[in-house]
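Number of protein chains: 2
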Amino acid sequence: MALQNDSFLQACRGVRPAHTPVWMMRQAGRYLPEYRAIRAKVSFNELCRTPELCAEVTLQPIDILGVDAAILFSDILVVFDALGVPVIFDPAPRIESPVRTAADVARLRWGDPREDVAYVYGAIRACKAALADRVPLIGFCGAPFTTLSYLVEGGGSKTFEHVKGLIFREPVVFAGLMEKMTDLLITYLKGQVDAGVDALQVFDSWAGALAPEDYREHVLPHLHRLVTEVQTAGVPVILFARGNANILADVATIPADVLGIDWSIGMDRAIDVVGAERVVQGNLDPTLLLSNKALIERRARAIVESGRRAKAHIFNLGHGISKHTDPALAKHMIQVVQSA
Amino acid sequence: MALQNDSFLQACRGVRPAHTPVWMMRQAGRYLPEYRAIRAKVSFNELCRTPELCAEVTLQPIDILGVDAAILFSDILVVFDALGVPVIFDPAPRIESPVRTAADVARLRWGDPREDVAYVYGAIRACKAALADRVPLIGFCGAPFTTLSYLVEGGGSKTFEHVKGLIFREPVVFAGLMEKMTDLLITYLKGQVDAGVDALQVFDSWAGALAPEDYREHVLPHLHRLVTEVQTAGVPVILFARGNANILADVATIPADVLGIDWSIGMDRAIDVVGAERVVQGNLDPTLLLSNKALIERRARAIVESGRRAKAHIFNLGHGISKHTDPALAKHMIQVVQSA
Chain A
21 MALQNDSFLQ ACRGVRPAHT PVWMMRQAGR YLPEYRAIRA KVSFNELCRT
71 PELCAEVTLQ PIDILGVDAA ILFSDILVVF DALGVPVIFD PAPRIESPVR
121 TAADVARLRW GDPREDVAYV YGAIRACKAA LADRVPLIGF CGAPFTTLSY
171 LVEGGGSKTF EHVKGLIFRE PVVFAGLMEK MTDLLITYLK GQVDAGVDAL
221 QVFDSWAGAL APEDYREHVL PHLHRLVTEV QTAGVPVILF ARGNANILAD
271 VATIPADVLG IDWSIGMDRA IDVVGAERVV QGNLDPTLLL SNKALIERRA
321 RAIVESGRRA KAHIFNLGHG ISKHTDPALA KHMIQVVQSA
Chain B
21 MALQNDSFLQ ACRGVRPAHT PVWMMRQAGR YLPEYRAIRA KVSFNELCRT
71 PELCAEVTLQ PIDILGVDAA ILFSDILVVF DALGVPVIFD PAPRIESPVR
121 TAADVARLRW GDPREDVAYV YGAIRACKAA LADRVPLIGF CGAPFTTLSY
171 LVEGGGSKTF EHVKGLIFRE PVVFAGLMEK MTDLLITYLK GQVDAGVDAL
221 QVFDSWAGAL APEDYREHVL PHLHRLVTEV QTAGVPVILF ARGNANILAD
271 VATIPADVLG IDWSIGMDRA IDVVGAERVV QGNLDPTLLL SNKALIERRA
321 RAIVESGRRA KAHIFNLGHG ISKHTDPALA KHMIQVVQSA
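Quick note, the sequences are listed as chains A and B, same order. Those letters in the first sequence? Residues 21 to 360, by our numbering. Those letters in the second sequence? Residues 21 to 360, by our numbering.
Rather than coming from a laboratory, the hints here were simulated on the basis of the structure. Watch out, some of these pointers could steer you wrong.
Copies of the same chain look alike in the list, so a pair counts if it fits in one copy or across any two.
Mimicking EDC-like on lysine to aspartate or glutamate, the simulated pairs with C-alpha atoms at most 16 Å apart in a straight line are [said to hold, decoys possible]: (1) K148 <-> D214; (2) K343 <-> D203; (3) K313 <-> E190; (4) K343 <-> E181; (5) K148 <-> D26; (6) K178 <-> D132; (7) K210 <-> D136; (8) K351 <-> E54; (9) K61 <-> E317.
None of these values were measured; they are calculated from a predicted model.
All chains should be modelled from the sequences, with the hints used to inform the complete structure.
Structure, rendered in structure tokens:
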């Protein structure tokens with residue numbers, strides 16, 4: 021069935037829709053009282069594993085804020101269920117037994133996400149039914165490097181010494197892990213397409229942990245394979261490598277349909293780097309949503325204007341929305357973009 | 021008296037010495053067993069406030085590793101003694117009562133660093149005496165934005181929502197605080213020159229917290245004033261703005277004698293951005309020191325080669341050395357650079 025609002029998908033395909041489409045990373049989340057009401061009843065882990073509740077929170081920003089796309093409520097680390105690695109959210113993700121030695125690596129299960137993470141596919145079907153073709157649904161995964169980093173570090177990190185130590189001391193072991201993780205994520209994402217998502221976003225949230233030279237050598241080839249293999253499933257792929265806009269030129273060598281831009285670079289300059297023939301997504305600093313209507317309006321309009329130089333532009337934040345955001349200000353930003 | 025090894029100062033002045041001079045950020049620190057032996061006896065706060073012990077740890081890497089410059093052992097936050105704001109190190113710095121409201125701001129004391137932080141000047145004199153002109157001594161401070169960020173956030177932060185909220189909601193209050201902090205830091209640094217330092221480094225460690233546009237508007241003018249006023253005291257000033265190499269072109273508009281480069285950008289590209297007429301310092305990823313001699317040698321040599329394109333080059337890490345570093349590997353890197 022045709023979507024009632026396909027502005028987001030048009031932009032993904034490089035066609036300029038009537039208005040700049042807009043959605044927000046982490047738009048289904050803690051800044052919404054309606055989300056907090058559900059989280060008061062179930063844990064984060066339980067929520068991720070309950071398709072009906074996933075659908076409910078996924079649709080909240082569509083109903084409340086009027087964004088042009090829904091993104092599945094889930095977490096990049098649920099895929100660890102296919103590895104037999106439990107993740108604790110308190111609220112930051114933590115892994116009790118990080119994978120750092122050959123013995124740790126040998127213990128990984130490398131199961132089939134189609135079975136082990138089947139609840140995600142259930143959630144996608146529930147979302148699609150609830151959306152009733154109002155707006156498209158975006159599925160997602162963490163990129164191989166980001167996913168592996170969590171596995172090796174055991175959580176977030178300031179220095180990423182464990183995973184970088186692995187790269188520098190055991191490059192062959194690391195490459196083998198990246199290979200397997202990429203395979204797993206390809207299967208996982210193709211399953212999401214089969215379940216009904218209209219687009220996919222790959223989050224390389226920790227891309228900034230590596231110097232450009234190391235990112236090019238140890239990460240980029242795997243990311244390239246992930247994106248291009250998944251594109252054969254027929255939906256557009258957005259690639260968002262965050263944390264070091266210096267690697268943007270390298271990231272742009274991957275033929276993702278859309279390149280996500282974080283807030284650390286001006287949109288004008290980002291378009292200079294990736295080329296005006298690409299579709300870009302971004303990039304308002306989410307902290308600006310903690311300011312006021314006038315400032316938000318000025319900065320959002322400036323990004324929309326810059327975005328007109330690209331082949332097409334999907335407006336988004338340059339990182340996930342803050343839990344301290346007033347939903348009324350987020351809604352204001354969305355309306356400013358849609359009417360700009 | 022003339023320095024026995026003035027390679028570092030020659031490079032600061034834009035003259036290429038016989039070998040590329042090298043020192044390491046946080047070179048007097050926890051990776052050295054000799055440092056840990058002293059810290060087993062005194063707290064971090066006590067160490068910072070005891071000139072003789074400061075001199076002892078400041079000299080350790082000179083004796084043990086053979087670096088070409090000493091950097092005063094201290095902390096960028098001791099200057100808060102002049103504000104009447106206690107800092108707790110456990111081990112990351114934490115401030116019990118962050119400065120976030122007009123009432124908080126009114127409580128700040130804005131004292132005279134020459135009195136309130138006099139122990140730093142004592143430490144500088146002790147270092148100079150102990151060094152006996154073997155190598156130059158570098159003094160330092162945190163940049164106005166980084167220092168204020170600690171004050172407002174109450175410690176480190178992933179999102180810097182408090183200080184950015186202040187910038188976006190109360191730009192006039194923020195600018196007033198930056199003005200006063202800049203004045204305080206100018207006095208503090210000029211006092212360091214009077215006490216005997218041969219060069220100064222300004223650390224804008226949290227520069228990456230702001231989008232380029234905001235850094236340009238709210239930070240750069242104050243940083244420019246700090247650097248140029250301090251330069252009139254007659255020693256070279258190194259400016260190290262870390263965390264977003266996208267702002268490097270803007271940072272380079274400040275006529276600092278040396279521009280510090282972090283590891284997030286290739287040295288070749290950094291020189292393209294700042295211009296080959298500038299002196300650069302950097303930029304080996306400190307995590308590489310956790311690898312092995314062969315890899316360290318290859319990567320250090322490549323940076324030395326790139327550095328030959330600049331007017332002069334001081335080799336350094338692209339961020340502070342990790343506490344997990346084997347001193348023997350650090351020493352190997354230093355010898356590779358000095359003989360390259």
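How the hints compare with the structure:
no.	hint	verdict
1	K148 <-> D214	within (12 Å within a copy, 70 Å between copies)
2	K343 <-> D203	neither (33 Å within a copy, 36 Å between copies)
3	K313 <-> E190	between (51 Å within a copy, 14 Å between copies)
4	K343 <-> E181	between (29 Å within a copy, 11 Å between copies)
5	K148 <-> D26	within (14 Å within a copy, 69 Å between copies)
6	K178 <-> D132	neither (31 Å within a copy, 34 Å between copies)
7	K210 <-> D136	within (15 Å within a copy, 63 Å between copies)
8	K351 <-> E54	within (15 Å within a copy, 57 Å between copies)
9	K61 <-> E317	neither (36 Å within a copy, 56 Å between copies)
The structure fails to meet hints 2, 6 and 9 from the earlier list, while all remaining hints are met.
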